[in-house]
Amino acid sequence: MRGIHDLGGMYGFGPVVRETDEPVFHELWQETAFAVLMAAGTVLPDFNADQYRHSVERMAPSHYLSVHYYERMLTGITTLMVEQGALDLADLEARAGGAFPLALPVAAVPMADLAPQPVARFHVGQQVRVRQYSPMGHTRAPGFCRGKTGTVLRVTPKFSFPDAAAHGGDRRDEHTYHVEFTARELWGSDNGDRDSVVVDLWDSYLEGAGA
Amino acid sequence: MRGIHDLGGMYGFGPVVRETDEPVFHELWQETAFAVLMAAGTVLPDFNADQYRHSVERMAPSHYLSVHYYERMLTGITTLMVEQGALDLADLEARAGGAFPLALPVAAVPMADLAPQPVARFHVGQQVRVRQYSPMGHTRAPGFCRGKTGTVLRVTPKFSFPDAAAHGGDRRDEHTYHVEFTARELWGSDNGDRDSVVVDLWDSYLEGAGA
Amino acid sequence: MSRQDPAPIAARAAAVKSALLDKGLLNTETVDHIVHLGADEWKPENGARVVARAWTDPDFRARLLDDGTAACAELGYEGPQGEYIVAIEDTPDRHNVIVCTQCSCTAWPVIGLPTDWYKSPEYRARVVREPRPVLRELGLELPTDVAIRVWETSAETRYMVIPLRPAGTESWTEEQLSRLVTREALIGTALALPACG
Amino acid sequence: MSRQDPAPIAARAAAVKSALLDKGLLNTETVDHIVHLGADEWKPENGARVVARAWTDPDFRARLLDDGTAACAELGYEGPQGEYIVAIEDTPDRHNVIVCTQCSCTAWPVIGLPTDWYKSPEYRARVVREPRPVLRELGLELPTDVAIRVWETSAETRYMVIPLRPAGTESWTEEQLSRLVTREALIGTALALPACG
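Residue numbers (the numbering used here), protein chains in the order written: chain F, 1 to 211; chain W, 1 to 211; chain C, 1 to 197; chain V, 1 to 197.
No lab work stands behind these hints: they were computed from the structure.
Relax, there's no trap hidden among the hints.
Below 30 Å or equal to it, Euclidean Cα-Cα: the simulated BS3-like pairs (lysine-lysine) are: (1) C:K119 with W:K158; (2) V:K119 with V:K43; (3) F:K158 with V:K43; (4) F:K158 with V:K119; (5) C:K43 with W:K158; (6) C:K119 with C:K43.
From a predicted model like this one, the values you see are computed outputs, not experimental measurements.
Work the whole structure out from these sequences, hints included.
Rendered as structure tokens:
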């Protein structure tokens, strides 16, 4: 099942609104949030992007959904800095003059049991299915493609496996695949076969799908 | 895919907090919201519960998730009353002295194409699978059981089919089934076979699953 | 749609009420009557009486398990959200617990309007996925050899749980027994209270 | 955790910054440099130059499609979120569009930090499910016989779109062409601007 961040395909959202001549940062605090994130590698000895992404994903869902991107960024990176002892929450709240809501704790068992796959098991043109796994921690296969079958378009070099990197599991690198799923496969038979979504998926997330 | 209301199995939520000696209504406006909903049948000529449930589900996701149950109730029923001409939004905003956020419009094509099933197709003990359908309107098969296989525990009398009732489709009644899914089936192989979830599902949502 | 800030929810509710009153689409007697039903008539004490009767009257228990709606109506408990009641019975091996993940449907006539924890996104999201930790947070630690069945109120069935009858209550009256059955016991997030509590 | 109201977000950001400065874990030069990179160095004009080069130099186009990271680095565009760039080329039959549904990953060196609409829950949720209506809302009406491929940035690949070269630009310079390529064209929510705009 999915966390609140896993928004792909969720329906009920209104129109996409585009601001004309939008600046990169709208307010000074957004610059600060970005700078703190970019400096995290020097503040936290074992910082990595997956751990950070998950700290954002751990925000209370109503908080996550109701605030700006850069508030999520500040909340996520500050949570890690507090959890790892670089910053003190009481000190931050005294400085801010009010509460500083952080993300919630990591789940007790965050990682699914996915066997490491050091060698690429799939090739371009092959049919693959995304496993129906349901971890309560960080993972990167969007809910909308779990259990669905698609076709490999490209095999990439190996990259750090995010579920392990986020949760202190054994470091491992695996190939990812650009896997194309038809709209019909993802959203049901009243959709076409010509439109499609390509998802970039680690080897562990996949299994062969006959054909 | 799922709307924001379809919360079952979403992870990342904090503890369940129970208030001791909780009153039925905490504030007067909550009583009002409940009374307006209960009176809706006399205000709206074609009122039904599915239409109402969907008007709540149509709230902007960040609004839905950040407010109290009775604010969702008031927003949902007021949306229907405005859409159907019983109330006027400008008048309400003048009376309230501020904006009155309503739910978003119904999707262009809200219903999946599920064939009516006037006769019970399944029996107690049978294995059934929930269809992998993805409508953008009201439906009642939770996302967490779509595509999953379970066992029928009970066949109920026929009830109004909610997808049609919510969206003005042809009226139809169908049996529902109490279908039991193991935790392993729903949440993956690191869960047991003894704990289970029983979901009450209309005939149209199901297909036979061999065995 | 207005760009101004939302009016406070109390002001929005009052606006709807006053508009409906002004148009003659609602009257205060109706409001009072509805609130009375919700606050005073539909309540877990009703379901507790149903359970106590089932514990003490085997014929009633059989009727309740066969047709919950009719059995509850025998005791006068019927009405909205009570049109199709199914009673589910705990056993020493299996515990039952109820949720409505998509809204908050509940058997009003026998359980009452649902309380905030039952309606919370936390309960709705989590109890189907991790029932044991959720029950533990609510004060119920189940032995690991007791299976849990979570009942999701996704259609028109309204469930009520018949919890296990506590030990040491063999000689108790129906009235005494009914005081052991809380709202939480009817939902399955608690057991019936112990005899010596 | 405090029960008081949250401090304004600006005060929270200032609190983190001042605490890190006081502890010597951050200095203002670093902050200024990072903000300069994000606001001024990483920008869609970079990706526009890559596209214009690909339109005018067949060898570069081949290198870009073969190894986007190396080809962008030839023009000096590299850095964080540019470690593995894949360029995807529109054809008359197929339009490409990029999203990151789970956060908002973007090829910073060639597209710049993402703007609010790209980061919005609306775009993230909807473009994979209903790309045509979303593109229409953003001003792009595609012929129904053009297939749409949506690229979800779920792993380490950072995509950029090579839009179709507008008609009537045969004699244009690379510099002139690059002005036709907007941020939206690099993401795929717009085409390159027409030659007579």
